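Guided by the hints, dock chain B onto chain A, whose structure is given.
From first to last, the protein sequence lines stand for chains A and B.
Using the numbering used here, the letters of the first sequence map in sequence onto residues 1 to 289.
Using the numbering used here, the letters of the second sequence map in sequence onto residues 1 to 387.
Among the hints, a few may not be true.
Claimed, not checked - Here are a few chain A residues that face chain B, going by a calculated C-beta distance under 8 Å:
| no. | residue |
| --- | --- |
| 1 | Glu75 |
| 2 | Arg181 |
| 3 | Tyr184 |
What the hints assert, rightly or not - Sample of chain B residues with no beta-carbon within 10 Å of chain A, all distances over it, derived:
| no. | residue |
| --- | --- |
| 4 | Asp80 |
| 5 | Glu259 |
| 6 | Ile340 |
Just so you know, these hints were derived from the structure itself, not from any lab.
These numbers come from a predicted model, not from an experiment.
Glycine is no exception: its CB is placed at the ideal position from the N, C-alpha and C atoms.
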Amino acid sequence: MQSLVILAHGSHLNPDSSAPTYAHADTIRASEAFDEVRTGFWKEEPHLREVLRTVEGDEIYVVPLFISEGYFTEEVIPRELRLAGWDVAEWDSDGISADQATLVAEDIGREVHYCGPVGTHRAMSDVIVRRAESVTDDPDVGEGFGLAVVGHGTERNENSAKAIEYHADRIRERGRFDEVRTLYMDEEPEVDDLPEHFESEDVVLVPLFIADGYHTQEDIPEDVGLCEDYRDGYDVPTAVDGTRIWYAGAVGTEPLMADVILERAADAGADLNDALATVRETTRVATGD
Amino acid sequence: MSEPITEGTTTVPDIDLPGDAFDALLAAVSTVSGDEPSEGPAIDFEGLRVESRGETTVVEVDGERFEAGSERELHEVAADNAAFVTNWHFFERVAGEGTPRRAFVRWLEAAEERSVGERYAALATGVVREWGQLRVTATVTDRGERRYDVRHLEDAGVPIDELDRHEDPRDARDIVTFDPDGRYRPLKTAPSLRGGWVFSALDHREMYEVVETVYPATVANWHREREGRLDVDHWRETMGRQSGIYGVVQTWDRGEGHEHVNWVAEACCADSQCLKRREWEYDNETDLDVDGGDGVFPCREPCSLVVSAARKWTRLEGETERTYEFELTPSEKEQLEALIDAVADGRTEEIREADLRDPANRYRARFLRAKRLDADGNLCGVPTDDE
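One chain only, chain A, in its complex shape (with noise of 0.2 Å):
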């Protein structure tokens, strides 16, 4: 029997937090590519110590909802997930390469496949390019646009830049949009200072979060200067300083999210028959035809 647990923060004051995992996990229940699809937290519940036990398979994979290797995934998951003997070298990752550490997790005596976090995944460039389409509404968007993608920074992670700048540098290859740019919320160059980065008129903002919360519905329209006071919303796309950019809101919100998921498990073994190329289907962006 074939498990799915994905790990996730979580928050004590949004309920917005948790609501893409829910979402990925019902995506990933109907693909019926595993037998169960259980969800844990560090700050809601189940939390991350007891998430294991309300598992009922024997082939179990761990896929962790974060953007970058670091504090979480590296410490706080697998010590709460009392992983036996953990060690970051077991995923031999350069900060953006982690694949899949299989270890008994002692909570429950059973062994894992603790895999890296979907943000470092290579199937994340798609879902920052799919979030394009969304908040575009066009399949084909990329001629005659710009593409920003917005990470926190480095203040306590070095990988978290890391990986930006990986899926970055793959969609720039691909020439599909006609500028990528990498911008950060706490270094430079500075998400305030969009307009500045790109000569295209219309840029899409993606900003790599997991979830919607302050820093996504707060912090980066107010310092982009999509509004004054974020209560008052704001237009997509809203123009400023003659650029139209297009606020995507997190990444992680996108559907196509539940591929990345499933690429980590399939990575790790999991055996998942045509779930890939069903979730690819199901969270498409409607051609309008």
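Below, chain B alone, put in the same frame as chain A:
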């Protein structure tokens, strides 16, 4: 509530033996009646014993013995004793082995204490258990299938048509996210579950998903506790493993006793705040002086809300006490105490606007503020820090 309630009168219902239960019985018999002589019965479960002896199948039901020489005769015997056959089928083939889920469905119908006949008689009208603020009613259909109704305790007697009916267990997510006043519930086991809804006619897996969604991991922990293997992590261990912004909580324990943890437990873990029964203490050797509560499911370690709160208190409690002097009337002193009580008990919303007798009344509080707080908000004009 530890005892299940049976609703209505109790007679064993007639059960139509469903095809899948009989097929499972046939499969069980044929598995052990192959070429090898069988060792023991094919089925031996709660009053039902089925054994293959050559061409004959011997069936014992509650000690009464039947012999069946053909599949047709076996079906006749099984159909005459459908309660026993469907009971075996449900627990041994549908619910499966060894999981907390199985233990929970057995507990729901008091399977360890009641015979099959007693249980089916009770299930015919409904067996009720309480789980936190949930009321779970187990019934059996005329085909021997378990069905469950889950609703809020407060909606016990409400006709089903007057409640919002749900079938998809995932709908429970929306129910648990906000309290009756529309505020976000960060703690699933807080006694603030809203009512007005019902999940009806669920099968046992769907029922379990609803319970798991409303009170995550409570069944797993309850199950471990019943088996004597609940892994409790006490305060000291839990605080000791915190890191990052929570690492500071380790400094709150200064080897000067555990009174501060008593206060935490009294503040956060009382039954009025959380329905879990606190089983963690200060450490392995030092119990807290505060009652753990009466919840049916245990709390095995300080939760993330307690850890977050402890982080705040670690900082606040690091301050040194000092003496202030305030001039207050006796009633004003008591009013301050009443205000603390009203906030701590979550009572402020229910105090009527014109109820001036209540010291926590809004006008009373505004009057006190007008009289005793200066323009900077200092009580009696006394600054918090030296000028």
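Checked hints:
1. Glu75: Holds, about 6 Å.
2. Arg181: violated, 31 Å
3. Tyr184: Constraint on Tyr184/A not satisfied, violated at 21 Å.
4. Asp80: holds, 35 Å
5. Glu259: holds, 26 Å
6. Ile340: holds, 23 Å
Hint compliance for this structure: hints 2, 3 are broken, all remaining hints hold.
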